[in-house]
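Peer 1: The listed protein sequences derive, respectively, from chains A and B. Per my numbering, the very first residue in the first sequence carries number 1; after that it's consecutive. Per my numbering, the very first residue in the second sequence carries number 1; after that it's consecutive.
Derived from the structure by calculation, the hints contain no laboratory data. Remember, predicted model here, so these are calculated numbers, not experimental data. Please note: incorrect hints may appear among the correct ones.
What the hints assert, rightly or not - Derived Cβ-Cβ restraints for the label pairs, each shown as a range: (1) Arg66/A - Pro106/B: 26 to 36 Å; (2) Asn30/A - Pro106/B: 38 to 48 Å; (3) Gln79/A - Ser1/B: 45 to 55 Å; (4) Ser1/B - Ser65/A: 41 to 51 Å; (5) Gly15/A - Val60/B: 11 to 21 Å; (6) Thr10/B - Gln79/A: 40 to 50 Å; (7) Asn3/A - Ser57/B: 18 to 28 Å.
Said to hold, decoys possible - A few chain B residues that don't get close to chain A, going by computed Cβ distances all over 12 Å: (8) Gln6; (9) Leu19; (10) Gln45; (11) Leu83.
Even for Gly, the Cβ is constructed at its ideal location relative to N, Cα and C.
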Amino acid sequence: GQNIDQPTEMTATEGAIVQINCTYQTSGFNGLFWYQQHAGEAPTFLSYNVLDGLEEKGRFSSFLSRSKGYSYLLLKELQMKDSASYLCAVSPGAGSYQLTFGKGTKLSVIP
Amino acid sequence: SQTIHQWPATLVQPVGSPLSLECTVEGTSNPNLYWYRQAAGRGLQLLFYSVGIGQISSEVPQNLSASRPQDRQFILSSKKLLLSDSGFYLCAWSTSGSVDEQFFGPGTRLTVL
Chain A
1 GQNIDQPTEM TATEGAIVQI NCTYQTSGFN GLFWYQQHAG EAPTFLSYNV LDGLEEKGRF
61 SSFLSRSKGY SYLLLKELQM KDSASYLCAV SPGAGSYQLT FGKGTKLSVI P
Chain B
1 SQTIHQWPAT LVQPVGSPLS LECTVEGTSN PNLYWYRQAA GRGLQLLFYS VGIGQISSEV
61 PQNLSASRPQ DRQFILSSKK LLLSDSGFYL CAWSTSGSVD EQFFGPGTRL TVL
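So here's chain B without its partners, still in its complex pose (with noise of 0.2 Å):
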């Protein structure tokens, strides 16, 4: 079976600090991975997906990046933080090449001070 696993779960920064999250799956190859932010009264963003190796997709411009250096990692960073990078990061995956339900790791809470 198929696992996803996020870490850190909360995480508390100051402004200004850099920023590294982690997700990874477990018991399936080449998935489509996803980077969600969920704010407080906001919807789920999509920040970032990827269909492959070295192939990040960004939707929204800001000063956050992600890389996927292994098929099923997924790294999500910032060189300095910003207050309204505070919220519900959400790692997800999807089985490549149709549109299928997206699969949500546990999250991690980001509080930047």
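Excised from the complex, chain A in its bound form (with noise of 0.2 Å):
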């Protein structure tokens, strides 16, 4: 089966440094996708790891540790309009181009 797991909600600081974890178990892996997901809007894509290592783009950051099956996403500078939902994603495997998405996890920036 699948399982994905991030924290359900967060609060951070405007302008601080916040890191939203998850850890996934899954039959397979092809890689890792983080997307954002405003109230009542579509998700956005963020970022995809698919090996080992940070990927770094702009303020936000995705490490991935295919060993520990962990991932996290690092918001810096951190603003008014990243409060947002934020939802890890694992693609389980060769041949599948199916997406298994976590719960989300809720960040709420405050003043």
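Make one complex out of these two single chains by using the hints.
Peer 2: Following this line, the structure appears as structure tokens:
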């Protein structure tokens, strides 16, 4: 089966750094995605990791450790507009184009 | 550039009524297409996906069905809605033949009363 765990909610202060963790147990692995979803809107793609290590994209970075089944999304210099849900999703294996999503982490950025 | 459309944006339907949600993609050919449902407090649940015209894979047995009558058109249907069908329905597409990010449509908010 597939299992993806993320914290349900987090709160952080404007200008700070926050790390959102994701652990996964899947029957296979062919990459991990992070999406951002504002309330009432569709998810939008943030990052993709298929090899171990850190991928940096502006204020957002994503890290992957395949041996530990672990990823995190790092958001720097938080802004109020970063308040959203952050979804971790895993592609389970070769030949499969499906994604298994975690329940998402609702991040609230406070002044 | 590619765009994905869904309609309607919101829908309120009585229990037992039929449903038809439509999704179309522009600017790409032979995309993989997906239907998801997002219920309150739950993650995105994959309902159906399609790798080509007439090819539908169902992930969760339920009273919903999907069809792909054209390359860039994906339809979600039900003959009789249940209360538990309420949720946010999202259509998505990805590039055929690769593990690639999925691009989501704006979604349909369905309330079954």
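Peer 1: For which of the previously enumerated hints does the structure constitute a violation, in increasing order of number?
Peer 2: 2, 3, 4, 5, 6, 8 and 10
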